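> Put chain V on the given structure of chain Z with help from the hints.
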Amino acid sequence: KAGVTQTPRYLIKTRGQQVTLSCSPISGHRSVSWYQQTPGQGLQFLFEYFSETQRNKGNFPGRFSGRQFSNSRSEMNVSTLELGDSALYLCASSRGRLGYGYTFGSGTRLTVV
Amino acid sequence: ILNVEQSPQSLHVQEGDSTNFTCSFPSSNFYALHWYRWETAKSPEALFVMTLNGDEKKKGRISATLNTKEGYSYLYIKGSQPEDSATYLCAFLPGSARQLTFGSGTQLTVLP
Chain Z
473 KAGVTQTPRY LIKTRGQQVT LSCSPISGHR SVSWYQQTPG QGLQFLFEYF
523 SETQRNKGNF PGRFSGRQFS NSRSEMNVST LELGDSALYL CASSRGRLGY
573 GYTFGSGTRL TVV
Chain V
54 ILNVEQSPQS LHVQEGDSTN FTCSFPSSNF YALHWYRWET AKSPEALFVM
104 TLNGDEKKKG RISATLNTKE GYSYLYIKGS QPEDSATYLC AFLPGSARQL
154 TFGSGTQLTV LP
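First to last, the protein sequences are chains Z and V.
When we follow my numbering, the leftmost residue of the first sequence carries the number 473, and every step to the right adds one.
When we follow my numbering, the leftmost residue of the second sequence carries the number 54, and every step to the right adds one.
With the rest of the complex left out, here is chain Z (with noise of 0.2 Å):
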């Protein structure tokens, strides 16, 4: 079956530009999680997603937002972008029950010029 799909894998952006990243889940998951890592950080938590509902936000300022569709795809958009926002960006989807892991989407490595 399809694993979670991330587009686009690499991105270029200036300062003060927005973005929106994309993550198609498996089929069948309704949970999609977003996580940003930095250089020397672990996967920061940034907002998840159920049933088109944000059930759970990290601790991001509010440039950072997201949404999913009714096909439980998720996009997450990052406005006034700055140099610290170069990041990898992963997106993780599950059933959406706590006893299940979680499948990992291959990223979108985000650089800010």
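Calculated directly from the structure, the hints in this document are not laboratory data.
Just so you know, these numbers come straight off a predicted model, no measurement behind them.
Hints may contain errors.
[To be verified] Where chain V lies over chain Z, by a calculated footprint (3+ residues, C-beta under 8 Å):
#1 479-486
#2 489-500
#3 542-550
[Stated by the list, open to error] If you want the ones that stay clear, here's a sample from chain Z, every Cβ over 10 Å from chain V, calculated:
#4 F532
#5 P533
#6 E554
[Unchecked claim] Coverage of chain V stretches by chain Z, computed from C-beta distances (three or more under 8 Å per stretch; other residues unrestricted):
#7 69-79
#8 146-160
Think of the CB as a built atom: it goes at the ideal place given N, C-alpha and C, for glycine as much as any other residue.
Structure of chain V alone, referenced to chain Z:
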């Protein structure tokens, strides 16, 4: 802010050696503990989801144990192979929240 710590940060072993590393997490409000393997240029891959105190899980040469009362989990690799080289991440899921908090990982390098 939940504190999930992994040790050591990195480890170099010879092929054939057995090794283990530790994940420490809060001992209260426990729901689940996840282990993931993250190879370079790939996605993190789920190894185990552990939910019960005393749980032991095994997948091939890799096994894990869980002690929720004292807040730690061990991951063991028996007879390490070069293909085991990866970063091993643990992630804590408390009962009161629906988000995983990841440790910073243990980077394992198996030398041939």
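> Each hint: holds or not?
Results for each hint:
Interface restraint, the segment 479-486 of chain Z with chain V: violated (0 residues with C-beta to C-beta distance below 8 Å; minimum three). Interface restraint, the segment 489-500 of chain Z with chain V: violated (0 residues with C-beta to C-beta distance below 8 Å; minimum three). Chain V is given as covering the segment 542-550 of chain Z, and this is violated because 0 residues of the stretch bring a CB closer than 8 Å to a CB of that chain, at least three being needed. With a minimum CB-CB distance of about 12 Å to chain V, F532/Z clears the 10 Å threshold, and the non-interface call stands.
At roughly 16 Å from the closest C-beta of chain V, the C-beta of P533/Z stays outside 10 Å, upholding its exclusion from the interface. Interface exclusion of E554/Z from chain V stands, the closest Cβ pair being 22 Å apart, more than 10 Å. Chain Z is given as covering the segment 69-79 of chain V, and this is violated because 0 residues of the stretch bring a CB closer than 8 Å to a CB of that chain, at least three being needed. Using a Cβ-Cβ cut-off of 8 Å, 10 residues of the segment 146-160 of chain V lie near chain Z, which meets the minimum of three, so the contact claim holds.
The earlier numbered hints that this structure contradicts are 1, 2, 3 and 7.
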